[in-house]
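S.K.: We have chain A; now place chain B with the ligands onto it with these hints.
Residue numbers (numbering that gives the first Met the number 0), protein chains in the order written: chain A, 0 to 278; chain B, 0 to 283.
If you're looking for bench data, these hints aren't it; they were derived computationally from the structure.
Every value quoted in this text rests on a predicted model; they were computed, and no experiment measured them.
Heads up, the beta-carbon is just placed ideally off N, CA and C, and yes, glycines get one too.
Incorrect hints may appear among the rest.
[Said to hold, decoys possible] Covered stretches of chain A, going by a simulated chain B footprint (3 or more residues, C-beta under 8 Å):
no. : stretch
1   : 104-117
2   : 175-182
3   : 206-215
[What the hints assert, rightly or not] Counterexamples of contact, computed for chain B against chain A with all Cβ distances above 12 Å:
no. : residue
4   : Ser49
5   : Gly131
6   : Ala253
7   : Glu261
8   : Glu271
[Claimed, not checked] In silico SDA-like links for lysine to any residue, alpha-carbon gap of 20 Å or less:
no. : chain 1 : residue 1 : chain 2 : residue 2
9   : B       : Lys13     : A       : Lys183
10  : B       : Lys124    : B       : Gln90
11  : A       : Lys183    : B       : Gln90
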Amino acid sequence: MRDVTIGQYYPSNSIVHRADPRFKLVIMLMFLVMVFFCDSFFSFGFLTFFVILTIALSRVPPLKVLKGLKMIIIVVIITTVLMMIFYTDGDGKPLAEWGIFHIYLNGIYASIKLAWRLMLLVLMPTLLTLTSTPTELCDGLESLLSPLKKLRFPVHELALIMSIALRLVPTLIEETDKIMNAQKARGAKFESKNPFKKIKAMLPVLIPLFVSSFRRADDLADAMDSRCYRGAKGRTRMNKLHFHVGDVLAVLLWSAVFVCILFLNYNWLGWEFIAVLGV
Amino acid sequence: MISVQKLSYVYSPKTPFTTQALFDVNMRIEDGDFFGIIGSTGAGKSTLVSHFNALTRVQKNSGTVIVDDMDLSAKKPDLNRLRAKVGMVFQYPEHQLFDDTVEKDVRFGPKNLGASADEQRALAKQAIELVGLDYGAVAERSPFELSGGQKRRVALAGVIAMKPQILILDEPTAGLDPVGKREIMELIVRIKAVCPTVVMISHNMDEIASYCNRIAVMSRGRVIGVFTPRELFGSRELLADCDVKLPLVTEIAARLCDGGAEIAHDILTEDELLDAIEKAVKHA
Ligand SMILES: Nc1ncnc2c1ncn2[C@@H]1O[C@H](COP(=O)(O)OP(=O)(O)OP(=O)(O)O)[C@@H](O)[C@H]1O
Ligand SMILES: [Mg+2]
Chain A
0 MRDVTIGQYY PSNSIVHRAD PRFKLVIMLM FLVMVFFCDS FFSFGFLTFF VILTIALSRV
60 PPLKVLKGLK MIIIVVIITT VLMMIFYTDG DGKPLAEWGI FHIYLNGIYA SIKLAWRLML
120 LVLMPTLLTL TSTPTELCDG LESLLSPLKK LRFPVHELAL IMSIALRLVP TLIEETDKIM
180 NAQKARGAKF ESKNPFKKIK AMLPVLIPLF VSSFRRADDL ADAMDSRCYR GAKGRTRMNK
240 LHFHVGDVLA VLLWSAVFVC ILFLNYNWLG WEFIAVLGV
Chain B
0 MISVQKLSYV YSPKTPFTTQ ALFDVNMRIE DGDFFGIIGS TGAGKSTLVS HFNALTRVQK
60 NSGTVIVDDM DLSAKKPDLN RLRAKVGMVF QYPEHQLFDD TVEKDVRFGP KNLGASADEQ
120 RALAKQAIEL VGLDYGAVAE RSPFELSGGQ KRRVALAGVI AMKPQILILD EPTAGLDPVG
180 KREIMELIVR IKAVCPTVVM ISHNMDEIAS YCNRIAVMSR GRVIGVFTPR ELFGSRELLA
240 DCDVKLPLVT EIAARLCDGG AEIAHDILTE DELLDAIEKA VKHA
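Pulled out of the complex, with its shape left as it was, chain A reads as follows (with noise of 0.2 Å):
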């Protein structure tokens, strides 16, 4: 149960683990509409080499990285292989062709960006969660969204409940593994194939999971009445967020970064150099 890695929060003192949560949340959310711009490979290779920056900058081993990849791994194959015998191109000819299966060199050139750009939408989210604790990530998205307190949307509330949840997954996760134990010791098996079988064997922990469950809510409930929590009127934070120079330079160099692509993609000013490096 241990290997569940959803606070998968890698330790260390670097410069993106030290950055400000919401120029983190900014500039991923730029990343992300940034790789729907790409088009030429020329384009892709200059993100990637800002990424790959990024990651080294993060001090987080590439393999840690990696790993989150190894998810949609299948999906990236099976995507690009759709892609690459289904595309099909009015002007080309086909390199090879099988029935209602064939190969362009333009079908390649499309599922190699399609795979590429998979990786890169789900290697910035992962860096994110690599190097930033989730409650940093709920205070950096509460203070994003503060301006919509004006329309009486619940922002704190919302912020609260969801760093309540994050913070009881491992303690959670924790006691699954406690009274699993403690039910195999009476002999219980959980590893039955039947998965009627196995909703039945999972019984004995589910239900004093949800008592244990109800009894942390009540606990956690009383605490926060006894210390006079009222929501979110008049209250202020003990850590405050604060940001640095360097976060509002990194915000500034994806920008250049984001004006570069579009430059790339668009050649506004039809330069010569940038329509041959457009594939």
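M.R.: Frame of chain A, contents of chain B with the ligands only:
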């Protein structure tokens, strides 16, 4: 018999969170022992005992654990036979109750071991009565509507019903009031009549001193030594070395002794203390 040789254990190996919980642990628990394990929090007591019924598996090249004729460091020990032989009661065992009646919950263990319905019922009845509950009154009640102390007894019954030869208890009296603590300890003594070997982790030196015949002292993942209660609580140097507090009765005896009374300083139980004081008073 449980024999532990050169046992080490590392949690989350090869990650930034890795902690070594056990270092080169050697000890031997004989049949018929009431074996105590003490040590400060995080000393590795729970990690050690969870090896005894293979809930924690011995890691590669990290020593051996042998229970009677079973080698738990083997690739596939016979878990069914092992779990029938070694009963494990975790800290706050009442948190593992799940079924809608007490009787069904207690039957869970025997059922998993493949006992027939009649056997299950008979074993459950025996176990519930052994832990001092009225079978007729509680059997059909929901375990969730019992009191805390009663729940703990039901949980104990759930383990006893499997007829273990070795019973392992992780802080069985934690979180109970003094009367509840004493009742549980008396209960364990009664259980020991049918389950000859008992291993108990405890932070309560009074319990350790009055019930255990051998005590292992652990500190930071190592076993400092295995002593009889008289060796351990009778020697101030040893106590200081192991950073162990005195049981209340021994402390009283020691103070009286220091104050000039003719009382032995290695007294372990209340009865011994009372006898000694009576004698000393008569003498004076
Ligand atoms: N599941 C786990 N994952 C990682 N480390 C753990 C885990 N369980 C225990 N540890 C660590 O192993 C060490 C020994 O823990 P253990 O629970 O065996 O101590 P203990 O002697 O039983 O303490 P206590 O008296 O508090 O119950 C501690 O340093 C603890 O932090
Ligand atoms: Mg423990």
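S.K.: Take the hints in turn and mark each one as holding or not.
M.R.: Hints, one by one, checked against the model:
no.	hint	in the structure
1	104-117	violated (count 0)
2	175-182	holds (count 5)
3	206-215	holds (count 4)
4	Ser49	violated (7 Å)
5	Gly131	holds (20 Å)
6	Ala253	holds (39 Å)
7	Glu261	holds (49 Å)
8	Glu271	holds (36 Å)
9	B:Lys13 / A:Lys183	violated (27 Å)
10	B:Lys124 / B:Gln90	violated (24 Å)
11	A:Lys183 / B:Gln90	holds (15 Å)
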